[in-house]
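**Q** Please model the entire structure based on the sequences and the hints provided.
When the letters of the sequence shown are read in order and numbered with the numbering used here, they come out as residues 28 to 149.
Derived by calculation from the structure, the hints in this document are not laboratory data.
Built from N, CA and C at the ideal position, the CB exists for glycine as well.
Some hints here could point you the wrong way.
Unchecked claim - Quick list of simulated restraints, FRET-style, between CB atoms:
hint, residue 1, residue 2, range
1, 32, 52, 14 to 24 Å
2, 65, 86, 37 to 47 Å
3, 133, 81, 17 to 27 Å
4, 115, 56, 31 to 41 Å
5, 37, 63, 21 to 31 Å
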Amino acid sequence: MTKKEEFLRKFNEAFATGDTKFLIAHVTKDIAWTIYGDQQISGIDAFSKAVETMKTNTEVQLTIDKVITHGSSAAVNGVMKMMKNESMVRYAFSDVYTLSGFKNPKVKQMKSYVLKIAADEK
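**A** Right under this line is the structure:
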């Protein structure tokens, strides 16, 4: 596994565990995050507020399917499962990233696609 792949896995795990400090420390000040069908977030202050709002006390199970990297671009997809209103809900996700650098990359841009899926879909 490359360092970029490892970084992106940790970044996604931080979303699942609510590790907002890790997330905020690993984005650029001018982060641009588009969550298609929901919102656009610009700048580290708006990003900080958004990830704090998304934080949950519910355990989130994360399964990463693929991590693809090429130069400063990357993509991660998988499934998140969590309890909501006493029933299990599942979301398929795909995030496309632009990273700021090669040695110690930070996320400069994120484009997120999130889709609620049926309990028996894979």
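**Q** All the hints need checking, so say for each whether the structure fits it.
**A** Hint check results:
1. 32 <-> 52: 14 to 24 Å: 19 Å, holds
2. 65 <-> 86: 37 to 47 Å: Violated: the Cβ-Cβ distance is about 23 Å, outside 37 to 47 Å.
3. 133 <-> 81: 17 to 27 Å: 19 Å, holds
4. 115 <-> 56: 31 to 41 Å: Once the Cβ atoms are compared, 37 Å apart, the range 31 to 41 Å for residue 56 and residue 115 holds.
5. 37 <-> 63: 21 to 31 Å: 24 Å, holds
When the structure is compared with the earlier hints, a violation turns up for hint 2 alone.
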